[in-house]
Amino acid sequence: MITGWFWADVIVKVILALAAMIGMALVAIYAELKVMSHMQHRIGPYYAGGRWGWAQPFADALKFIQKEDLVPEGADSTVFRAAPYIVVAATFATFVVIPFSPSLVARDLDLGVFYLLAVSSLTTLGVLMAGWSSANKYSLMGGLRAAGQLIAYELPLALAVVAVVVQAGTMSLVGIVEAQAAPITIGGLSISLPFLLTGQIVSFVIFMVASVAELSRIPFDMPIAESELTMGYLTEYSSLRFTMFFLGEYAAMISMSAIAATLFLGGYWIPFVSETALLYFGPFILIAKISLLVFFILWIRATWPRLREDQLQDMAWRWLIPIALLNVLVIAFFKVVVF
Amino acid sequence: MPAPLNKRSRFAFPGLWKGMWFTLKYLFKPVPTVMYPQEQEVPVPRARGVIALDPEACTVCMLCARECPDWCIYIEGHKEPKAPSKPGGRARTQNELDRFEIDYSLCMYCGICVEVCPFDALYWSPEYEYSTHDVADLIHGKTRLKDWLETVPEPPALEPQGESS
Amino acid sequence: MNDQPDATEPLEEEVRDPYLEYGTALAERLGGRAVVEHDTIRIYVDRSNWVETIRRARDEEGLDFFSWLTGIDWSKDVEVGDTVAEPDELEERFEVMCRLSSVEGVAGAHFIAALPKDDAVIDSITGVFGGAEWHEREAHDMFGIEFTGNPNLSPIYLPEGFIGHPLLKSYPLLAREVKPWPGTVDVEDMPPEPEEPAGGGEA
Amino acid sequence: MNEEYRALMHRSEVAVSVELQTQDMTLNIGPQHPSTHGVLRLVAQVDGERISSVEPVIGYMHRGYEKLAEVRTYAQMTALVNRIDWVSGFASEVPFIVAVEKLMGIEPPERAQWIRLILTELFRISSHMVFTSSYPLELGATTPLFHVLRERERVLELIEGMTGGRFHPNFNRVGGIKPAAGGGKTQKKVSMDIPEGWLEATRAAMERVLLSTEQSDTLVTGNELFKARTVGVGVIPGNKAIEYGLSGPNLRASGVPFDLRKHEFHLPYDQVDFNVISAPGGDCYDRYWVRLQEIRESVKIVLQAIDKIPEGPLRAKAPRVLKVPKGQIYVRGENPKGEFGYYLISEGGQKPYRLKIRSTSFSNLSILPWVLKGALVPDLVAVMGSLDFVLGDVDR
Chain A
435 MITGWFWADV IVKVILALAA MIGMALVAIY AELKVMSHMQ HRIGPYYAGG
485 RWGWAQPFAD ALKFIQKEDL VPEGADSTVF RAAPYIVVAA TFATFVVIPF
535 SPSLVARDLD LGVFYLLAVS SLTTLGVLMA GWSSANKYSL MGGLRAAGQL
585 IAYELPLALA VVAVVVQAGT MSLVGIVEAQ AAPITIGGLS ISLPFLLTGQ
635 IVSFVIFMVA SVAELSRIPF DMPIAESELT MGYLTEYSSL RFTMFFLGEY
685 AAMISMSAIA ATLFLGGYWI PFVSETALLY FGPFILIAKI SLLVFFILWI
735 RATWPRLRED QLQDMAWRWL IPIALLNVLV IAFFKVVVF
Chain B
161 MPAPLNKRSR FAFPGLWKGM WFTLKYLFKP VPTVMYPQEQ EVPVPRARGV
211 IALDPEACTV CMLCARECPD WCIYIEGHKE PKAPSKPGGR ARTQNELDRF
261 EIDYSLCMYC GICVEVCPFD ALYWSPEYEY STHDVADLIH GKTRLKDWLE
311 TVPEPPALEP QGESS
Chain C
336 MNDQPDATEP LEEEVRDPYL EYGTALAERL GGRAVVEHDT IRIYVDRSNW
386 VETIRRARDE EGLDFFSWLT GIDWSKDVEV GDTVAEPDEL EERFEVMCRL
436 SSVEGVAGAH FIAALPKDDA VIDSITGVFG GAEWHEREAH DMFGIEFTGN
486 PNLSPIYLPE GFIGHPLLKS YPLLAREVKP WPGTVDVEDM PPEPEEPAGG
536 GEA
Chain D
1338 MNEEYRALMH RSEVAVSVEL QTQDMTLNIG PQHPSTHGVL RLVAQVDGER
1388 ISSVEPVIGY MHRGYEKLAE VRTYAQMTAL VNRIDWVSGF ASEVPFIVAV
1438 EKLMGIEPPE RAQWIRLILT ELFRISSHMV FTSSYPLELG ATTPLFHVLR
1488 ERERVLELIE GMTGGRFHPN FNRVGGIKPA AGGGKTQKKV SMDIPEGWLE
1538 ATRAAMERVL LSTEQSDTLV TGNELFKART VGVGVIPGNK AIEYGLSGPN
1588 LRASGVPFDL RKHEFHLPYD QVDFNVISAP GGDCYDRYWV RLQEIRESVK
1638 IVLQAIDKIP EGPLRAKAPR VLKVPKGQIY VRGENPKGEF GYYLISEGGQ
1688 KPYRLKIRST SFSNLSILPW VLKGALVPDL VAVMGSLDFV LGDVDR
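Chains as they are written, first to last, in our numbering: chain A, 435 to 773; chain B, 161 to 325; chain C, 336 to 538; chain D, 1338 to 1733.
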């Protein structure tokens, strides 16, 4: 069934998704600069682009790109060069299944959630590759920390998603959104609510904690940990490759927030808006929800210090995983027995 | 005594949320930043910004150059005959200042030269905008040092109970 | 410790110097010679007793706070620095000086061992105070004094391959040699001394 | 079977029989590293994240103060000594000046002593605020830095308004504080007395400083993550601290309430009321907490001193050219970082014969190899930051 139209379709979708990803990442970078600086009682970017320094992320990217692209002498050149592509590609791939409106989704896979979990973990592979191939001890330690974090947090993340899947009864992301839009009847009152309000609050908290850990942002930014490992796995990167990591990091933040918004906040759907309106306003609704979650992540970064790697492991294995397991049990119990 | 632990709170981790509330409040507060090139803070009158020279007052006594810990003041002068103060009096000589240079790349702004000058030829000015791209331009000569003289402020008024009262 | 000097107590009418009393008593107990001036107690000990004195000062006298250790170069051969007032009275020697004090009051003393210049070796006190290691390394750097028993007597301040011991009086200070003093130009005499502040004049 | 091989076999057997052992990795931290506060290098042997030994390499900033002192007059040295520990310059000026004064038998007038006291405390506040702002940064919290430094700026403005310098006041003179510039006949008498409005401004600034300590409490002290990173980390027991010559807040955080301000009275500390802050734990949290409380105590001292400052002259009579009689003296003072002292040997000239500088951070840092044995790499940063050293003070 592969025709010319198929490829045209793919190319258009790829370009659109890429543009959306890069655009949103740039906005996230700008938001971080501004939000953090105002929380720190300073102005932040001011001059670039004229008003409010809106062009600062572009200026930063341009500056990074014109630096010399260095590969350390002892580095495994191939792996070193490939690592940022893997990070960006993996992040990009998550955008494929995120529904922006009932119809605006690159590919509505039946196993969308499964695909998301699998693909988003690939980022850490890129990070590990970067850390190992840099021939730098800081990078190596950063890479290893990232790997340790992945192993510790993939499990609670998956378990939190499992709870949602159990409640929704589908693994398709569009299906999950529709399940949230479907009205539920409580005591003769028929309302539709996002999963966050219908029993998934624990899953949501676990998901957010785990995704912040997977994004290696404060308080779980040990793989980068500037004051300990200078820049962790990013230490040896420069120029375009650094920019890719940088963009990838923020794009991952967007995609994680998009997943969380879809799974717990109802995605492109909000109550009291008709199906047809959602076709047009769906993307904006989703972006608003993403912004909310991204803001929360930035806010945390502007406030909290960093944990230690062993404390993070401790938290994951001793608290989050048991709680997540229990949560799945409870949800399944309600799903099977009560409703 | 160690700091008291947080009192019991309705939330878990009250310290974390308190911090979040703090940063959220500051997100909406006006920012006190002084936007430097457009706005400038006025330095205090006593600020040690740059040293100004009054060449008329200088008698080439070399005291400042000798006392400078960094040896960053270079002075050259010559003696010049001067008319006697009253007719028939003794012919006198006067020291003329040829060269007075302060190397600000060496200067550590201790102010000893200003302090030891017995003829009030040196002053502190709070001006600070004289950075350059070339280290050689940091050697300020006689004319440049004289230009700073205009920027020397009046000394601040003093608290009443002190020495001056 | 009742025999600590009490600085808060106002001195009585007859001049009673608590530091002098404390210092002489301390020197007597530890077997040294005390010199006290300006509230600074110096106790000269023989270098064979060095470690023992320090240990006893810590254990018996309560001087358990290791403040610092350094060397002094007493030298007639002065390349750098001010000339000595009476150079003939000076005896060529190194001194190793260690300050111990107490964390309960003002008690404190400087223990000094003299070393001949051609045999600048002394036992290390790292066994008594672990913190002395760095200070001994510094003194080794700066004066070339050997501390037998210091576990790691490598240069601490100086770069690898540095020749010489900078704090020796015979070590010239290059920064002051390569550049002529800008104050040497021949000019008029100093102006007459103003009335205030009174005191000595320019030499 | 040769000896080498046998030894190798034996080693491997031991390794297997005990536990799976890995080879230690040498990790060079510094000289240029975000958390070394300057040019300090730590050669760490690490087994994964666990540090088996640390060897600090210092001396990158060695400026040879003790040598410089031998070629400089006492007046010139005053300009230099405040650069040893540059965040608390005034506090390191005072003991030097007092040493010279005592050797020359000069007693500074009271008003000068009180001004010295106020400025010392302002510098203590400033120095501790540098710590309370930058220490959370080591642990990844960026925001406290800005909020604390914003208020510290007010303290620096006060210092500048009084002395003319923000960091290097060079405000002490033998016999008192800085006189009028010059001494010429023509000169309008400009005194360096307290400028008008300065005392009121100080009161206002102290309010802000207190507010800032409360903000620190909100953002840092009570933060559970901060506690998780610092409580029980880098414990230095009191006897070890004494053995290594730790002083100041580091010593007091180890449960030894020793403060030179309560013992050495070359400044009128006996006439003000303040508490010696100490904490029993000896861990990073206590070291942080002690400094934060000391800011509050210093504010108390400054406010009292402003009320008590007497009238009178600023300078005792002192010769213009300082010739210090022969003698030896040790004067120490409570620098914000601990015991800061000068052993001054004069052989009767215009320059010191020998000036031994007891710099605080040098001793404070020397405990690092001991305390970091067996710590984790993130703890290294936490412990190093909590010792609050300045590299200029370490290397002199």
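Please note that the accuracy of each hint is not assured.
Unchecked claim - Quick partial rundown of chain D residues pointing at chain C, CB under 10 Å, derived from the structure: (1) P1393; (2) H1399; (3) G1401; (4) E1580; (5) H1600; (6) K1645; (7) S1696.
Stated by the list, open to error - Computed list of lysine-lysine pairs in DSS-like fashion (alpha-carbon distance at most 27 Å, straight line): (8) D:K1577 x D:K1710; (9) B:K242 x B:K306; (10) B:K178 x B:K239; (11) D:K1645 x D:K1663; (12) B:K178 x A:K468; (13) D:K1439 x D:K1645; (14) D:K1710 x A:K571; (15) D:K1599 x D:K1645; (16) C:K514 x C:K411; (17) C:K411 x D:K1663; (18) B:K302 x B:K242; (19) B:K239 x B:K306; (20) A:K501 x A:K447; (21) B:K189 x A:K468; (22) C:K514 x C:K452; (23) D:K1710 x C:K504; (24) C:K504 x B:K239; (25) C:K504 x D:K1660; (26) C:K504 x D:K1439; (27) D:K1663 x D:K1564; (28) D:K1645 x D:K1660; (29) C:K504 x C:K514; (30) C:K504 x C:K452; (31) B:K302 x C:K514; (32) D:K1439 x D:K1654; (33) B:K185 x A:K468; (34) B:K178 x D:K1564; (35) D:K1439 x D:K1663; (36) C:K514 x D:K1660; (37) A:K447 x A:K468; (38) D:K1660 x C:K411; (39) C:K452 x C:K411; (40) A:K501 x A:K571.
Derived from the structure by calculation, the hints contain no laboratory data.
Ideal Cβ placement from N, Cα and C applies to all residues, glycine included.
Of all the hints given earlier, name the ones this structure violates by number, lowest first. Hints 6, 10, 11, 20, 22, 23, 24, 27, 28, 37 not satisfied by this model.
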